[in-house]
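Work out the full structure, taking the sequences as your base and the hints as a guide.
Here are the chains, one letter per residue:
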Amino acid sequence: MTNIMVVDDEPHVVRLLNMSLKRAGYGVITARDGREALEKIRAQRPDVLLTDIEMGGISGIELCRKIDEEMPDRAFAIYIMTSRAEQDYRDWYDNMRNIHFLEKPLSTRQLVASIEAHRDAAEGIKRTGQEK
Amino acid sequence: MGLMMIAASLAVISVVITLLFLYEKDAREQQIRAQGVRLVRLLSGMSVPLLEAKGEAKGVLGVLQQSQNDPDFAYAVIVDRDGRPLNEITREGTIVPPAPPPRNPSAWLGERHLTVAGSGRTLTEFHAPLLMNGRLGGFIRLGYYAPGYRMLVQRLPFFASLALPVFLLAPLFYFLVRREIRPLHLANREMERFLQQGTFALPDMAASGEIGDFMGSFTRFVRMMQARVEELESRHSGLLTSTKVLSFRRARIEAVLHAMPDALAVLDESGTVSFVNARLPALLGKPQSEILGHTPREWCVIPKVVAFLSRYEAAGAGGVATDTVEFTPPHAGDKTLSVSAHPLFAGESRASSIGTLVLFRDITEENAGKHAHAEFIAQVAHELKTPLNTLKMYSEALMGPEGASEGFRVEGLNVIHDETDRLALLISNLLSLTRFELGGLEMKRQRVRLHELLADAFENIAQSGRDKGLHFHIDVPREMSPVFIDKELLRIAVNNLLTNAIKYNRPGGRVELTAEEHDDAIRISVKDTGIGMTPDEQDKIFDKFYRAENAQVRDKPGHGLGLPLVQQVVYLHHGELEVRSERDAGSEFIITLRKDTGILKKAV
Chain A
1 MTNIMVVDDE PHVVRLLNMS LKRAGYGVIT ARDGREALEK IRAQRPDVLL
51 TDIEMGGISG IELCRKIDEE MPDRAFAIYI MTSRAEQDYR DWYDNMRNIH
101 FLEKPLSTRQ LVASIEAHRD AAEGIKRTGQ EK
Chain B
1001 MGLMMIAASL AVISVVITLL FLYEKDAREQ QIRAQGVRLV RLLSGMSVPL
1051 LEAKGEAKGV LGVLQQSQND PDFAYAVIVD RDGRPLNEIT REGTIVPPAP
1101 PPRNPSAWLG ERHLTVAGSG RTLTEFHAPL LMNGRLGGFI RLGYYAPGYR
1151 MLVQRLPFFA SLALPVFLLA PLFYFLVRRE IRPLHLANRE MERFLQQGTF
1201 ALPDMAASGE IGDFMGSFTR FVRMMQARVE ELESRHSGLL TSTKVLSFRR
1251 ARIEAVLHAM PDALAVLDES GTVSFVNARL PALLGKPQSE ILGHTPREWC
1301 VIPKVVAFLS RYEAAGAGGV ATDTVEFTPP HAGDKTLSVS AHPLFAGESR
1351 ASSIGTLVLF RDITEENAGK HAHAEFIAQV AHELKTPLNT LKMYSEALMG
1401 PEGASEGFRV EGLNVIHDET DRLALLISNL LSLTRFELGG LEMKRQRVRL
1451 HELLADAFEN IAQSGRDKGL HFHIDVPREM SPVFIDKELL RIAVNNLLTN
1501 AIKYNRPGGR VELTAEEHDD AIRISVKDTG IGMTPDEQDK IFDKFYRAEN
1551 AQVRDKPGHG LGLPLVQQVV YLHHGELEVR SERDAGSEFI ITLRKDTGIL
1601 KKAV
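Here the protein sequences come in this chain order: A and B.
Counting in the working numbering, the first sequence runs from 1 upward without gaps.
Counting in the working numbering, the second sequence runs from 1001 upward without gaps.
These are computed hints drawn from the structure, not numbers from a lab.
Positions of the beta carbon are idealized from the N, C-alpha and C atoms, including for glycine.
Not one of these hints is a red herring.
With a cut-off of at most 27 Å between alpha-carbon atoms, the simulated DSS-like pairs for lysine-lysine come out as follows:
(1) B:1503 to B:1385
(2) B:1556 to A:40
(3) B:1335 to B:1304
(4) B:1556 to B:1392
(5) A:66 to B:1556
(6) B:1385 to A:22
(7) B:1527 to B:1540
(8) A:66 to A:40
(9) B:1556 to B:1540
(10) B:1392 to A:22
(11) B:1370 to B:1385
(12) B:1385 to B:1556
Which chain B residues stay away from chain A? Per the calculated CB distances, all over 12 Å, these:
(13) 1012
(14) 1027
(15) 1084
(16) 1098
(17) 1236
(18) 1289
(19) 1506
(20) 1536
(21) 1576
A few chain B residues facing chain A, derived, Cβ under 7 Å:
(22) 1381
(23) 1385
(24) 1390
What follows is the structure, encoded as structure tokens:
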């Protein structure tokens, strides 16, 4: 089962994503802020990280930076949920790989579709690599 | 003048007389000499007895005496070889001066000058040898007075007749000249007056002849010069006026340029700075003397700016359009300046440029403002999208299979309801705030009794807070002076403070609302025993969208507009807002409003 970690300081959002993603057949781990998320990731790496960016304490950007520091071999995809435009973060995410932006307001359905699509693409690449 | 004429005529007369006299004297001397020489030659070589008058025989000497009528004849003397007189004839009253006979035979016939011992008169004597028996027997001496003053006396009538007409002509001549030069004299007097007073009026003078012609043309000349002088004077005063006007205009233009909020420099056609206003040296951090009279190359160290300005220099005419370059001056690294250049043209014609106007602007604040504005918009978007996100997700979920669950439906609708309220509050706060900042809010001030307003606000809020186990305390005196305020705005401010006091409190904490009346003001205090703030946080709480970076704050819903709004309300009422807070001890916000006085009413 694909485990998705959901990080957001809005309890409603966390609750709803938890519900929807579980229904879509994913395993869900939740965290209320960056610090909690980092602790949980250290314990068990998710397959997908879904995080808000504007959070108190450790922000989404801070969280991603720490992950890249601690886990240079990160295999899981990161999805950033933001109310800002993607290009606001260009300076930052240009240096990162396997990172995707989801602009608020989110649609759970679209979110799931997007995760599926990226996973398929990633697996496709993996398979091609094996064939060779 | 007359005396001078007389003196001059006398001088002329005396000169003429002197000359005549000298001429006559000279002629007379010639005559005497000619006569003397001729006579002495005749007598020379004669025998002495022939000459001597003896007895009845008169002799040559006697004949000579009788025939001699020369007025200057003095004597004729026959002397022997040793000079002793043998016989003589003399003019009356004349003593023959003694003189030795000449010894040398070559000098026997000759002429000599002698002086009469008594009277001192000069004589010219001619002498010649005489024979006696074929040998030198003696000498004949013929004396003539040298012509002298006597002759003058003799000629006096002639001289007088000569002098008289001259003397008579002099005054006549004088009067004639005087009459002729009278116009000149008058003109001279006028000239003197002109030189003294500067005014000149030449009278019409009756003068004829060449003087008249001269005076006529001189008068015309003077009139022409006068007209010319007047024309020059008026031109000069015109020039003076226009110079004054020009310098006044110049001063005014320079004052305007100096007062400009931007720093500016004017480059002439050669690219040299010909004017800088007062702001430029300060902005560029260079003394004016280093800029004025130099090309930008000489004082500007930023290659970008030099290249930009030299482009205008090279283009010269209006080929280059106005453009802007931004740069950071070396002396103030935190500033951003923009430089723009505008070609200057003389008059309407855009054919040739007369220089370039270079404007320097400090755009640090402008840029910061733009940045802050963009950041504000992004924040607003974020704050709006957060509840929207929740709304969308819930509505989507309600439309999906979860919608079938009664429990989820109730939860979803509650969340949607709350989030909608939150969105609405956010938007209205945002609008109020923007309106305050733009100054477009119309305040409805009225005399308000604070007790009612505060008690009412307090009750509304306390109701929701009591559920959280907080203790509420209100101390607002019933009798307080009214204040002149916008009731609704103050209610928003107090509400926001009370909401915060509840939101950031601790379980079992305390919220106090108090009001005190002072001499000229009323102080409203909202105090809590909540989480409090660090001094750092206190500095930022009035920034829009600021929320402290700690979980206790982030856990609570909010968008960081409440306190900025409170601040705006207090400022609009010309009041003061004070914060006292300590981390983990609580916060107190104090609003000070001035009491309703007549003066204040008039002021607003």
